[in-house]
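K.L.:
Chains as they are written, first to last, in the working numbering: chain A, 1409 to 1569; chain B, 44 to 399.
Be aware that one or more of the hints could be misleading.
Keeping only pairs whose Cα atoms sit at most 30 Å apart, straight-line, the calculated BS3-like set for lysine-lysine is [said to hold, decoys possible]:
| id | chain 1 | residue 1 | chain 2 | residue 2 |
| --- | --- | --- | --- | --- |
| 1 | A | Lys1504 | A | Lys1448 |
| 2 | B | Lys126 | A | Lys1448 |
| 3 | B | Lys396 | A | Lys1443 |
Because the hints were derived from the structure by calculation, they are not lab data.
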Amino acid sequence: MRKPLVFAAGLALTALPAAHLAAHHAFGGEFDPNKPLLLKGKMIKLEWVNPHAWLHIEIPKADGAQACQFTPNAKCEEWMVEGGTPNTLLRRGITKESLQAGTELVIDGYQARDHSLNRANGRNITYPDGRKLFLGSSGTGAPTDGADPTEPPKGRGRGGE
Amino acid sequence: MKIKFGFVIAVACAAASVAVDGQMKNNPSLPRTADGHPDLTGVYDLAMLTPLERPNGMPAVMSDEEAAKLEKQSADQNRALDKAIDGNRAAPPKGGDGSVGPAGNVGGYNNFWLDRGSNYSIVDGQRRTSIVIDPPDGRVPAITAEARQRQASRLAQFRPTSDQSESNDPGLEPAGAYDDPERRPLGERCLLGFGSTSGPPVLPNYFYNNLHQIVQTPTHVMILTEMVHDARIVRMNAKHLPSTIRLWMGDSIGTWEGDTLVVDTTNFTDKTRYRGSTPDLHVVERFSRVDAKTIKYRFTIDDPKTWTKPWTGEYTWPATSERIYEYACHEGNYAMGNILRGARLREKQSTDKQEK
């Protein structure tokens, strides 16, 4: 299911992928289209590694392999979710403190082709109310869009500025 | 080329036009190094919307209004992608979500990870619709019959090139493309960035991590590419290495032609093969400082075994106050294992089916 975004023909020259999601690695080779997932859990940590960051979450489960860190007296299963390069986030001023362990997240994606691994692509990573991570908040390193007068200037030395 | 250092320094200090081997330096206001050459030192963000080749039907130069319209469309698209979605959504559809390209049927990751660029490149005051300026149609020239034959060979298909933008949809890749890590794209292997980010020619990848840093001394110029953390060392006023010595990013030597740094690169390997070229690829790059915040970057490419004629591209490198971050890639490249394991499992499933 692709988001039915309609673009002006001129946009084709921007070389943007038409799909609303992007990948650098062969995600189609890595993840299984027949294993869709909806993961609801709490973040344990975000691995700030290249080429792709990995978000770790715990999901309460009766036969979970480990004790939950954020749900008292419960067992949890740990999942790793693949994202993009952390450099982009750093450049926007997002730090390790911007996303606290214990934050509740909703993630949809597909499981790794090796089903023995609790790994998935982060097709959509949102807060429980559907807001995308790192967006829509001020003072936490959200990208500058001019909406927040307290934001520092963009400082992107691109042509035209 | 001999450079009269003492003379250059003395006259540059007087902030007057100076002559280097007869060539005029006509912009005394540029920042300069102690030896009198324009100071190219800095960090540059090459993310932009201008593609390598001009789309059919577009003029070479856009009006400010046309550019503003397309830049707004791009910004609007980003805003749309960043909007909140249903927090109570279901899992994506079984059988795949229909994504194409590297996100083949499973999707990739959110737009907030991406940094594609927001403006068209402005060169000599013109908003350009392509990097390629020669041929004048803004398109890379036709490849030779020999190159066509070479690129169609089974061997070539197995070995991804340095400009390969990303991985392909596994359903579309040639058989054997997942047989071993060396058949995976250089970006996937953490060797060079995808889209010829390291070059030469240095190109934006229209995705993320398009920062480059130049460090300049009288004897060497270093061009650091953020992704995958590649440092190309240009030896000034030197001779090329013997042809038996081959380097992934080629052997780069530099000279100053007036205020322009000219970098000549040969001695490539057959491991990168930019756009299917051979190790005989010859790239000449020209770095000209336009003002304190901008470098004009021009390159001319020649490989008679690949293209019917040489071709030239140019775009600006705008300085940025952003920092380059280390792109340590191998240690966290869990994806490579997942991709190869995935391929082995697909093979096994296919074999099991046949046996049934």
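K.L.:
Taking only the CA atoms, is the gap from Lys1504 (chain A) to Lys1448 (chain A) under or equal to 30 Å?
P.N.:
It holds: about 21 Å lies between the C-alpha atoms, which stays within 30 Å.
K.L.:
Within 30 Å, alpha carbon to alpha carbon, are Lys126 (chain B) and Lys1448 (chain A)?
P.N.:
Since the Cα atoms of Lys126 (chain B) and Lys1448 (chain A) sit roughly 20 Å apart, the hinted pair holds (cutoff 30 Å).
K.L.:
Assess, step by step, whether the Cα of Lys396 (chain B) is no farther than 30 Å from the Cα of Lys1443 (chain A), and give holds or violated.
P.N.:
This hinted pair holds, its Cα atoms lying about 19 Å apart.
The structure meets every hint from the earlier list without exception.
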